[in-house]
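Trainee: If you want the building blocks of each chain, they are given just below.
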Amino acid sequence: MINEIFLMNGYGPYVWSAFIFTLVSFASLYLLTKLQLLKEQKKYISKFGSLSKTKIVVAREQKIHKEILLNSVITKI
Amino acid sequence: MFNFFNLGKVFEVTSRSIKYVFILFIIVLTIGLTEALFLSPEDYKQSHSVRIMYVHVPAAWIALGIFSMMTFLSVGTFVFKNKKFFLISKSLAPSGFIFNIIALVTGSIWGKPTWGTWWAWDARITSMLILALFYFMYLLSWRIIENKNSVIKISSLIVIIGAINIPIIKFSVNWWNTLHQGPSLKIMSETTIHSSMLIPLGIMTAAFALFSLLIFLMKFNTEVIRIKNKGLDRL
Chain A
0 MINEIFLMNG YGPYVWSAFI FTLVSFASLY LLTKLQLLKE QKKYISKFGS
50 LSKTKIVVAR EQKIHKEILL NSVITKI
Chain B
10 MFNFFNLGKV FEVTSRSIKY VFILFIIVLT IGLTEALFLS PEDYKQSHSV
60 RIMYVHVPAA WIALGIFSMM TFLSVGTFVF KNKKFFLISK SLAPSGFIFN
110 IIALVTGSIW GKPTWGTWWA WDARITSMLI LALFYFMYLL SWRIIENKNS
160 VIKISSLIVI IGAINIPIIK FSVNWWNTLH QGPSLKIMSE TTIHSSMLIP
210 LGIMTAAFAL FSLLIFLMKF NTEVIRIKNK GLDRL
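Same order as they appear, the protein sequences are chains A and B.
0 is the number of the first residue of the first sequence in our numbering; add one for each residue after it.
10 is the number of the first residue of the second sequence in our numbering; add one for each residue after it.
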């Protein structure tokens with residue numbers, strides 16, 4: 000049974016390598032995109048922290064600001 | 010026109026939907042892989058090698074679908090002068106490129122047991138390789154061109170020129186004698202694939218579509234935060 004699943008009448012190496020390549024590509028693209036997103040979120044938070052009080056008030060009025068902070072908290076969890 | 014495209018509101022939706030799309034993708038992919046690798050029958054001619062179809066075909070469909078969407082968005086950038094279209098197009102490109110590469114590599118792996126060769130300069134395969142080059146040029150243009158207005162114009166132009174290749178890919182198996190088989194799934198006439206293979210193919214296509222949506226949402230959010238970062242500098 001196990002042999003049949005892995006060998007697939009001699010086609011196993013072709014089938015498994017095609018599926019593994021696909022899944023590895025998915026994982027690589029997902030991780031790369033996730034890292035880019037986290038990097039930009041971190042950059043935003045550090046830039047926001049260095050703003051003056053008046054600029055912080057202006058930035059806080061923007062809806063996107065809350066969403067970025069909210070999602071950066073979720074990702075850290 | 011297109012004032013409904015409020016970046017704040019869109020960002021709110023995209024950032025909150027990522028986790029739900031991710032969960033749905035994992036569920037659909039698990040069902041699809043079980044069906045494709047264990048439950049679907051082997052082909053009477055190709056035996057188990059037919060299982061490669063469940064990753065090769067959806068990858069090719071989605072690579073083509075994404076490039077078609079990018080074409081409409083690029084035309085939109087020129088016609089409506091709406092620069093927000095490029096943001097969507099740019100966010101779609103990475104997953105389209107990866108799906109194109111998956112289609113080429115898995116097609117090559119499938120070619121060895123079926124045709125006896127890893128690669129042939131066949132019309133369908135070559136036109137898919139050209140599509141991958143257009144994806145690559147598009148992504149490269151965003152890396153090397155620094156002027157924002159120039160990069161929007163050049164990248165949109167790359168996509169519009171590359172769109173000429175889309176009907177060539179679709180009809181290549183009809184126009185030329187190719188090693189690649191003709192279409193088995195037809196919209197206008199009866200499909201030649203049995204339901205026991207069509208269902209896993211449909212599930213895997215749904216999983217791949219969800220993955221491209223997931224990457225799109227993450228990439229879109231990255232781009233929006235990048236714009237906001239520049240906005241903070243200007244405050």
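Please keep in mind that the hints were generated in silico from the structure rather than gathered at the bench.
Hints are supplied without guarantee of correctness; some may be wrong.
Said to hold, decoys possible - For lysine to any residue, the following SDA-like pairs were computed, each having C-alpha atoms within a straight-line distance of at most 25 Å:
id: 1; chain 1: B; residue 1: Lys93; chain 2: A; residue 2: Leu34
id: 2; chain 1: B; residue 1: Lys121; chain 2: A; residue 2: Gln35
id: 3; chain 1: B; residue 1: Lys239; chain 2: A; residue 2: Met0
id: 4; chain 1: B; residue 1: Lys54; chain 2: A; residue 2: Met0
id: 5; chain 1: B; residue 1: Lys239; chain 2: A; residue 2: Ser49
id: 6; chain 1: B; residue 1: Lys54; chain 2: A; residue 2: Ile44
id: 7; chain 1: B; residue 1: Lys239; chain 2: A; residue 2: Ser24
id: 8; chain 1: A; residue 1: Lys46; chain 2: B; residue 2: Glu51
id: 9; chain 1: A; residue 1: Lys33; chain 2: B; residue 2: Val59
id: 10; chain 1: A; residue 1: Lys38; chain 2: B; residue 2: Ser150
id: 11; chain 1: A; residue 1: Lys42; chain 2: B; residue 2: Lys54
id: 12; chain 1: A; residue 1: Lys33; chain 2: B; residue 2: Ile32
id: 13; chain 1: A; residue 1: Lys38; chain 2: B; residue 2: Lys54
id: 14; chain 1: A; residue 1: Lys33; chain 2: B; residue 2: Lys121
id: 15; chain 1: A; residue 1: Lys52; chain 2: B; residue 2: Ile236
id: 16; chain 1: B; residue 1: Lys121; chain 2: A; residue 2: Leu22
id: 17; chain 1: A; residue 1: Lys33; chain 2: B; residue 2: Leu38
id: 18; chain 1: A; residue 1: Lys46; chain 2: B; residue 2: Glu155
id: 19; chain 1: B; residue 1: Lys54; chain 2: A; residue 2: Ile19
id: 20; chain 1: A; residue 1: Lys46; chain 2: B; residue 2: Leu38
id: 21; chain 1: B; residue 1: Lys93; chain 2: A; residue 2: Leu37
id: 22; chain 1: A; residue 1: Lys42; chain 2: B; residue 2: Leu38
id: 23; chain 1: A; residue 1: Lys41; chain 2: B; residue 2: Arg25
id: 24; chain 1: A; residue 1: Lys38; chain 2: B; residue 2: Lys18
id: 25; chain 1: B; residue 1: Lys28; chain 2: A; residue 2: Ser24
id: 26; chain 1: A; residue 1: Lys42; chain 2: B; residue 2: Lys121
id: 27; chain 1: A; residue 1: Lys41; chain 2: B; residue 2: Glu155
id: 28; chain 1: A; residue 1: Lys46; chain 2: B; residue 2: Glu21
id: 29; chain 1: A; residue 1: Lys42; chain 2: B; residue 2: Gly240
id: 30; chain 1: A; residue 1: Lys38; chain 2: B; residue 2: Lys121
id: 31; chain 1: B; residue 1: Lys239; chain 2: A; residue 2: Ile1
id: 32; chain 1: A; residue 1: Lys33; chain 2: B; residue 2: Gly17
id: 33; chain 1: B; residue 1: Lys239; chain 2: A; residue 2: Gln35
id: 34; chain 1: A; residue 1: Lys52; chain 2: B; residue 2: Phe145
id: 35; chain 1: A; residue 1: Lys41; chain 2: B; residue 2: Leu38
id: 36; chain 1: A; residue 1: Lys38; chain 2: B; residue 2: Glu21
Trainee: Give a verdict on every hint.
Mentor: We went through each hint and held it up to the structure:
This hinted pair checks out: B:Lys93 and A:Leu34 have alpha carbons roughly 24 Å apart, not beyond 25 Å. Between B:Lys121 and A:Gln35, the direct Cα distance comes to roughly 37 Å. Violation of the 25 Å bound is thereby established for this hinted pair. With a CA separation close to 58 Å, the supplied pair B:Lys239 and A:Met0 exceeds the 25 Å bound. With a CA separation close to 22 Å, the supplied pair B:Lys54 and A:Met0 stays within the 25 Å bound.
For the given pair, B:Lys239 sits about 14 Å from A:Ser49 by alpha-carbon distance, which is consistent with the 25 Å threshold. A threshold of 25 Å between alpha carbons decides the hint, and for B:Lys54 with A:Ile44 the separation of about 58 Å lies outside it, so the pair is violated. In summary, the hint linking B:Lys239 to A:Ser24 is not supported, as the alpha carbons are separated by about 31 Å, beyond the 25 Å threshold. Using a Cα cut-off of 25 Å, the hinted pair A:Lys46 and B:Glu51 is violated, with the two alpha carbons roughly 57 Å apart.
Restraint check for A:Lys33 and B:Val59: not satisfied, since their Cα atoms lie roughly 33 Å apart, outside the 25 Å limit. Restraint check for A:Lys38 and B:Ser150: satisfied, since their Cα atoms lie roughly 22 Å apart, inside the 25 Å limit. A hinted pair counts as satisfied when its Cα atoms are at most 25 Å apart, and A:Lys42 with B:Lys54 does not qualify at roughly 56 Å. For the suggested pair A:Lys33 and B:Ile32, the alpha carbons sit about 15 Å apart, so the restraint of at most 25 Å is met.
Between A:Lys38 and B:Lys54, the direct Cα distance comes to roughly 50 Å. Violation of the 25 Å bound is thereby established for this hinted pair. The hinted pair formed by A:Lys33 and B:Lys121 fails the criterion: a straight-line CA distance of about 35 Å is larger than 25 Å. For the suggested pair A:Lys52 and B:Ile236, the alpha carbons sit about 21 Å apart, so the restraint of at most 25 Å is met. Proposed proximity of B:Lys121 and A:Leu22 is supported: the alpha carbons are some 21 Å apart, at most 25 Å.
For the hint linking A:Lys33 to B:Leu38, the alpha-carbon distance of about 19 Å falls within 25 Å, and the restraint holds. At roughly 22 Å between alpha-carbon atoms, A:Lys46 and B:Glu155 fall within 25 Å of each other, so this suggested pair holds. Annotation: proposed proximity of B:Lys54 to A:Ile19 holds, straight-line Cα distance about 24 Å (limit 25 Å). With a C-alpha separation of about 39 Å, the suggested pair A:Lys46 and B:Leu38 falls outside the 25 Å cut-off, and the hint is violated.
Note on B:Lys93 and A:Leu37: the hinted pairing holds, with a Cα-Cα distance of about 22 Å set against a maximum of 25 Å. At roughly 33 Å between alpha-carbon atoms, A:Lys42 and B:Leu38 are farther apart than 25 Å, so this suggested pair is violated. Under the criterion of a C-alpha separation no larger than 25 Å, the hint pairing A:Lys41 with B:Arg25 is consistent with the structure, at around 18 Å. At roughly 22 Å between alpha-carbon atoms, A:Lys38 and B:Lys18 fall within 25 Å of each other, so this suggested pair holds.
Distance restraint check for B:Lys28 and A:Ser24: the Cα-Cα separation of roughly 20 Å lies within the 25 Å cut-off, and the hinted pair is therefore satisfied. Restraint check for A:Lys42 and B:Lys121: not satisfied, since their Cα atoms lie roughly 47 Å apart, outside the 25 Å limit. Distance restraint check for A:Lys41 and B:Glu155: the Cα-Cα separation of roughly 23 Å lies within the 25 Å cut-off, and the hinted pair is therefore satisfied. For the hint linking A:Lys46 to B:Glu21, the alpha-carbon distance of about 21 Å falls within 25 Å, and the restraint holds.
Simply put, A:Lys42 and B:Gly240 have alpha-carbon atoms about 12 Å apart, close enough for the 25 Å limit, and the pair holds. The hinted pair formed by A:Lys38 and B:Lys121 fails the criterion: a straight-line CA distance of about 42 Å is larger than 25 Å. For a cut-off of 25 Å, the pair hint linking B:Lys239 to A:Ile1 is broken: about 56 Å separates their Cα positions. Our distance criterion of 25 Å between C-alpha atoms is met by A:Lys33 and B:Gly17, whose separation comes to about 21 Å.
For the suggested pair B:Lys239 and A:Gln35, the alpha carbons sit about 16 Å apart, so the restraint of at most 25 Å is met. The straight-line distance between the Cα atoms of A:Lys52 and B:Phe145 is roughly 44 Å, outside the 25 Å bound, and the hint therefore fails. The straight-line distance between the Cα atoms of A:Lys41 and B:Leu38 is roughly 31 Å, outside the 25 Å bound, and the hint therefore fails. Simply put, A:Lys38 and B:Glu21 have alpha-carbon atoms about 19 Å apart, close enough for the 25 Å limit, and the pair holds.
Violated hints, in rising order: 2, 3, 6, 7, 8, 9, 11, 13, 14, 20, 22, 26, 30, 31, 34, 35; the structure is consistent with all others.
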